[in-house]
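All the letters of the sequence shown, read from the start, carry residue numbers 1 to 154 under full-length UniProt numbering.
It is worth saying that the hints were derived from the structure and are not from the lab. Fair warning: this is a prediction, and the values are worked out from it, not measured in the lab. Where a beta carbon is used, it is the ideal one built from N, C-alpha and C, also for glycine. Hints are not guaranteed to be accurate.
[Unchecked claim] Here are the simulated EDC-like pairs of lysine to aspartate or glutamate, each with C-alpha atoms no more than 20 Å apart in a straight line:
no.: 1; residue 1: K112; residue 2: E41
no.: 2; residue 1: K112; residue 2: E122
no.: 3; residue 1: K44; residue 2: D117
[To be verified] The following label-pair restraints were derived from C-beta to C-beta distances:
no.: 4; residue 1: R102; residue 2: F24; range: 14 to 22 Å
no.: 5; residue 1: S149; residue 2: L29; range: 20 to 28 Å
no.: 6; residue 1: Q121; residue 2: V62; range: 21 to 29 Å
no.: 7; residue 1: A81; residue 2: A39; range: 26 to 34 Å
no.: 8; residue 1: L99; residue 2: E122; range: 15 to 23 Å
no.: 9; residue 1: P109; residue 2: Y85; range: 34 to 42 Å
no.: 10; residue 1: N55; residue 2: L79; range: 29 to 37 Å
no.: 11; residue 1: Q104; residue 2: D77; range: 31 to 39 Å
no.: 12; residue 1: L13; residue 2: W120; range: 33 to 41 Å
no.: 13; residue 1: Q38; residue 2: E80; range: 52 to 60 Å
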Amino acid sequence: MTAFAALYSLHVLAAVIWVGGMFFAWMVLRPAAVSQLQAPERLKLWAEVFRQFFNWVWVTIVVLPISGIGMWHMRFDGLEAAPRYVHIMSGVFLVMLALFLRIQLLQLPELKRAIADEKWQEGGAVLGRIRRLVGINLLLGLAVVALASARPLF
1 MTAFAALYSL HVLAAVIWVG GMFFAWMVLR PAAVSQLQAP ERLKLWAEVF
51 RQFFNWVWVT IVVLPISGIG MWHMRFDGLE AAPRYVHIMS GVFLVMLALF
101 LRIQLLQLPE LKRAIADEKW QEGGAVLGRI RRLVGINLLL GLAVVALASA
151 RPLF
């Protein structure tokens, strides 16, 4: 396996973990939790899901830029020589990172406080805000996957 192929594989795996995890949470876990659990149990479940999943997201946040920049340098003479879609993917990564940091650093502590204080309605409101941010990140992630797969010539 070439160095480029190794970086590419790591990059794709990291993207699959992050985007696939969001897809599973949004499309499968959320509807199941809403239909089966009352607010206290549902909020506690989500707090634990976020704790475990976000550990993996942190891994992807390290792997994606390192592998991406590595491939960028191996494939192109300079950053300006890369196709526009590569620049777009990099920019979208930064937006996704910002949204993730907003959830991790601002929303999640608020959710944990609401759970600890047994303020279930407040916790539900926080979870709704997290859900919207995850939904935006999911759409951005799917768009990046589609862009990377299509590799347009612009």
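Here is what the structure says about each hint:
| no. | hint | result |
| --- | --- | --- |
| 1 | K112 to E41 | holds, 13 Å |
| 2 | K112 to E122 | holds, 11 Å |
| 3 | K44 to D117 | holds, 12 Å |
| 4 | R102 to F24: 14 to 22 Å | holds, 21 Å |
| 5 | S149 to L29: 20 to 28 Å | holds, 25 Å |
| 6 | Q121 to V62: 21 to 29 Å | violated, 37 Å |
| 7 | A81 to A39: 26 to 34 Å | violated, 53 Å |
| 8 | L99 to E122: 15 to 23 Å | holds, 22 Å |
| 9 | P109 to Y85: 34 to 42 Å | holds, 36 Å |
| 10 | N55 to L79: 29 to 37 Å | holds, 31 Å |
| 11 | Q104 to D77: 31 to 39 Å | holds, 36 Å |
| 12 | L13 to W120: 33 to 41 Å | holds, 37 Å |
| 13 | Q38 to E80: 52 to 60 Å | holds, 55 Å |
Going through the hint list in order, the structure does not satisfy hints 6, 7.
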